[in-house]
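Based on the sequences and whatever the hints tell you, model everything.
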Amino acid sequence: MKSNQPRPRPLKANALAESVRYVLRLYVAGQTPRSIRSIANIKRICEEYLRGRYVLDVIDLYQQPELAHDHQIVAVPTLIRKLPPPVRRIIGDLSNTARVLARLDLRDMDERRLPEGPSGRV
Amino acid sequence: MTRRKAHAPALPVRTQLTKAPTGIKGLDEITLGGLPSGRTTLICGSAGCGKTLLAMEFIVRGATQFNEPGVFVAFEESATELTENVASLGFDLKRLIARHQVVVDAVRIDRTDIEETGEYDLEGLFIRLGQAIDSIGAKRVVLDTIESLFAGLPNLVILRAELHRLFHWLKDKGVTAIVTGERGDGRLTLQGLEEYVSDCVIALDQEATNQGSSRLLRIIKYRGSLHGTNVYPFLIDDDGISVLPITSLGLQHPASTERISSGVARLDTMLGGKGYYRGSSVLVTGIAGTGKSSLAATFVDATCRRGERALYFSFEESADQLIRNTRSIGIDLGSWVAKGLLLVQSARPTLTSLELHLMTMRKAIDSFKPQGVVIDPLNSFVGDHNEAEVKALLLRLVDFLKTRQITAFMTSLTAGGHSSEHTEVDISSLIDTWLLLRALEASGERNRAMYIMKSRGMNHSNQISEFVLSDHGVELRDVYVGSSGVLAGSARMAQEAQEQAAQLTREQDIELRQLGLERKRKALEMQIASLRGEFEAQETETLRLIGQAQTQTARLAQGRVDMGVSRKVDATANKARRGLK
Chain A
316 MKSNQPRPRP LKANALAESV RYVLRLYVAG QTPRSIRSIA NIKRICEEYL
366 RGRYVLDVID LYQQPELAHD HQIVAVPTLI RKLPPPVRRI IGDLSNTARV
416 LARLDLRDMD ERRLPEGPSG RV
Chain B
267 MTRRKAHAPA LPVRTQLTKA PTGIKGLDEI TLGGLPSGRT TLICGSAGCG
317 KTLLAMEFIV RGATQFNEPG VFVAFEESAT ELTENVASLG FDLKRLIARH
367 QVVVDAVRID RTDIEETGEY DLEGLFIRLG QAIDSIGAKR VVLDTIESLF
417 AGLPNLVILR AELHRLFHWL KDKGVTAIVT GERGDGRLTL QGLEEYVSDC
467 VIALDQEATN QGSSRLLRII KYRGSLHGTN VYPFLIDDDG ISVLPITSLG
517 LQHPASTERI SSGVARLDTM LGGKGYYRGS SVLVTGIAGT GKSSLAATFV
567 DATCRRGERA LYFSFEESAD QLIRNTRSIG IDLGSWVAKG LLLVQSARPT
617 LTSLELHLMT MRKAIDSFKP QGVVIDPLNS FVGDHNEAEV KALLLRLVDF
667 LKTRQITAFM TSLTAGGHSS EHTEVDISSL IDTWLLLRAL EASGERNRAM
717 YIMKSRGMNH SNQISEFVLS DHGVELRDVY VGSSGVLAGS ARMAQEAQEQ
767 AAQLTREQDI ELRQLGLERK RKALEMQIAS LRGEFEAQET ETLRLIGQAQ
817 TQTARLAQGR VDMGVSRKVD ATANKARRGL K
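Here the protein sequences come in this chain order: A and B. Read in order, the letters of the first sequence correspond to residues 316 to 437 in the numbering used here. Read in order, the letters of the second sequence correspond to residues 267 to 847 in the numbering used here.
To be clear, the hints were calculated from the coordinates, so they are not data collected in a lab. The C-beta atom is built at its ideal place from N, Cα and C for all residues, glycine as well. Any given hint might turn out to be false.
[As the list claims (entries may be wrong)] Here are some of the chain A residues that sit facing chain B, going by a computed Cβ distance under 8 Å:
1) 366
2) 381
3) 389
4) 399
5) 406
[Claimed, not checked] For the chain B half of the interface with chain A, some residues (derived, Cβ under 7 Å), not all of them:
6) 371
7) 373
8) 374
9) 379
10) 380
11) 381
12) 385
13) 386
14) 389
15) 397
Quick look at the structure:
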C-alpha cells in the first residue's frame, strides 16, 4: 500500500484533483439487463465527473472467462478502480450513485448536489 | 433397501446411488462406498477440526487413485498456503496442478475492499468454477468454505439465492462436490448451509479432554444410503486422514509362516515348538511387577541375536534405565544399541496428542526399519485419552506393522483389581499371541506364572508355567499342581525337596535290599564252598584208604605168590583162586 496518497483529504475541487487520471474496469457477465444497467451507470458517472481523464474497459466474462480467476472476480457486476491507487472494488449495478462516487473518491465534487454527505466510510 | 457392505473401495458396490470413493481410510467403509456421486456433501465442524484437510484429501485421492480430476476453491487460504499446509500430509499439490489433475482457485474476498452499489449476483464465481472444471475435466469440486462469502459480501438475500443456484448448478454439472461450513450456535453451520445441501451431511468435531483432544466424525445424514451412525474417531497424520471404524481394518496384509524365537526356549516350545509368527502381534498382560518388560527385553535380545533390528518404544523408562534394569537379568541391550541393531525411544505419551504419537512412531519405524517393535506399555496411551481413540490408534499401528511384516510386542498393565483377562485397552481382537503373566501369592510369597491365553495358528501349550527371572535371563519352570492349587517359588521348592527325599528313601531302600540279597548269596556260596571242602577232604581220605587197601591186597597177593614160589606151587592155580575170591 502506498503511503503517499496523491492528494490529501478532504479535498475540494481543485486543479490537482482535476488532473488525476482514472483507469476503471467493469466486469459483467453477458448482456443481462443488470449488465446493461451497470454499464450505463458507470458511463454516466464518468462522463459527468471524469470527462476526458478516464479509461473505462468493459469486460464480458463470458467472452474471457479466465479473467474471472486472474482478476479475482466473484460478484458481477464488479467495478475495479485500477488508478489512482489504491485499487478499489465496487460491486453491484452501480445504481447507488452516491456510494459509487464516495468509493471512487469523487464524493467531494458531488457535495454540491447531494442534500447530505454519502454514507461511505470516512 | 438393502445394500451389501463394501469390502474395498476399489470394488464397485451395487447400489441405486452411485458413490464416489473418497480414498480416505475408513470413510469409505462407514459411508458404504463413498460420497454420493454427482451430488453435494456438506462437511461441517468447528474451526480446526480438519474440514479443509478432509476436503483436500478427497480431491487429491480422487485425482491420484480414482482418475477423477478435482477443483479446490479456497475461500480462506491462498493457493501457496494451501499447498504448504497439505504438504505435511504428503500431498504434492504442485505436481498434481502441473499435471492438470487438480486446480486450486483461491478466492479472495475482503469485506473492507468491497462496496455494494446495487444489485449483483455471483456469476463471476460460477464462471471461475466453470472455467476451472472445464479446463481439466474435473469430476470433483470442493468449496472451502463457502460461508466466507457471507462474511465478505453484503446482502444476505442475494447470497442465499445465489447459493441455492450454485448447488443446483453443481448438480447440473454432474460433479461430486464438498462444501464445508463452520459450526454455528445450535445449528450445523453458521449460515444454515444444511438447508441447501440435502444429500449428505458429515459433521466433524473436536472434543477436548483433560490434556489432549480427540477428533470425531459423524454422518448426520446420507439420503438414499445406509451409513454407519456411530461417532467415529479419526486421526490426521502424515498419511492423511484415517477414520477408524473398528471393522475397517484392511486385513489384507500378508501372513508369514516364518517363526521367530521368543528368546525363551521353553516359551518357544510352548508356542507349538517354534515361537511367534513373524509379523504377528504379541501382547503380554499382567499386573505390576510380573515381568512384562523383561519378557519384552528378551524378545528384543532374540531379535538382535538374529541380526535383525528392533525398535523399543519405552513409555515408562528411559533408555538408560531400561538398559540398566535388563542387565540385572543378564540381558545386555546396551551392546545391541552400540551395534545399531536396537533403538530405544522413550517418551511419555500423555504429553502429546495421540495423533502426534502415532505419527512419530510411524516415522521412527519408517526410518529405522526394524523387524521387531516393542511398545511398553500400551497403557500409557490411555492416560487422559478417549479409550475408543486409543483403540483406534492401536488398530492403525498394528495394521501398519502387519503390512510391513514387523513383529509387534506389546505389554499392557492390568490394574490390580481387575480380572487378569481384562486389558486396559480392549484390543484382544487385534492380538495374535496373548501371553498372560500372573502373580501367585501363597505361603507368604509372590511368584510369577505365565500361560498362553491364545496364539492364533499354532498348537500352543495350555500349561501354566512358573516364570523365573534370574541373572541369566527369563526361564520357565514347571509348576506343581496339587490339591492346594498351583505351587510355585519356595512352595515348589519345598515340594521338590519333599519329592527328592522320598526318592532318596526309595533308592536307599532298594540299595538295602540289594545288599541283603548279596549277603545271602555270599553266605550261601560260603556254605557251598565249605561243604565242598568237606566233601573234598572226605573224598581224598576215602581215596587214600581205598589206595591203602588196594596196596595191602596187592602186597598180600605178592606175598602169597612169593610163598608159593618158595613152596613151588602152581602159579596158575593161585591166580585162579584169587580171581574167585
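A quick look at each hint next to the structure:
Taking 8 Å as the C-beta cut-off, the interface hint given for residue 366 of chain A is violated, the closest approach to chain B being about 21 Å. Nearest Cβ of chain B to the Cβ of residue 381 of chain A: about 6 Å, under the 8 Å cut. The hint holds. Look at residue 389 of chain A: its Cβ gets to within about 5 Å of chain B, closer than 8 Å, so that hint holds up. Annotation: residue 399 of chain A was flagged as interfacial toward chain B, and the flag is violated, the nearest CB pair being 16 Å apart, outside 8 Å.
The interface hint given for residue 406 of chain A holds, since its Cβ lies 5 Å from the closest Cβ of chain B, which is under the 8 Å cut-off. At a threshold of 7 Å, the smallest CB-CB gap from residue 371 of chain B to chain A is about 6 Å, leaving the interface hint in force. Hint on residue 373 of chain B holds. Least Cβ distance to chain A is approximately 6 Å, under the 7 Å limit. At about 5 Å, the closest approach between the beta carbon of residue 374 of chain B and any beta carbon in chain A falls short of 7 Å, and the interface hint on this residue holds.
Because the smallest distance between the Cβ of residue 379 of chain B and any Cβ of chain A comes to about 5 Å, under 7 Å, the interface hint for this residue holds. Checking residue 380 of chain B against chain A: minimum C-beta separation of about 5 Å stays under 7 Å; hint holds. Below 7 Å, beta-carbon pairs count as interface contacts, and residue 381 of chain B has one with chain A at about 4 Å; its hint therefore holds. Annotation: interface hint on residue 385 of chain B holds; nearest CB of chain A at approximately 5 Å, less than 7 Å.
At its closest, the beta carbon of residue 386 of chain B sits 5 Å from a beta carbon of chain A; the interface hint therefore holds under the 7 Å criterion. Interface restraint check: residue 389 of chain B against chain A, minimum CB-CB distance 4 Å, threshold 7 Å, status holds. With a cut of 7 Å, the hint placing residue 397 of chain B at the interface with chain A holds, because the nearest CB-to-CB distance is about 4 Å.
The structure is inconsistent with the numbered hints 1, 4, although it conforms to all the rest.
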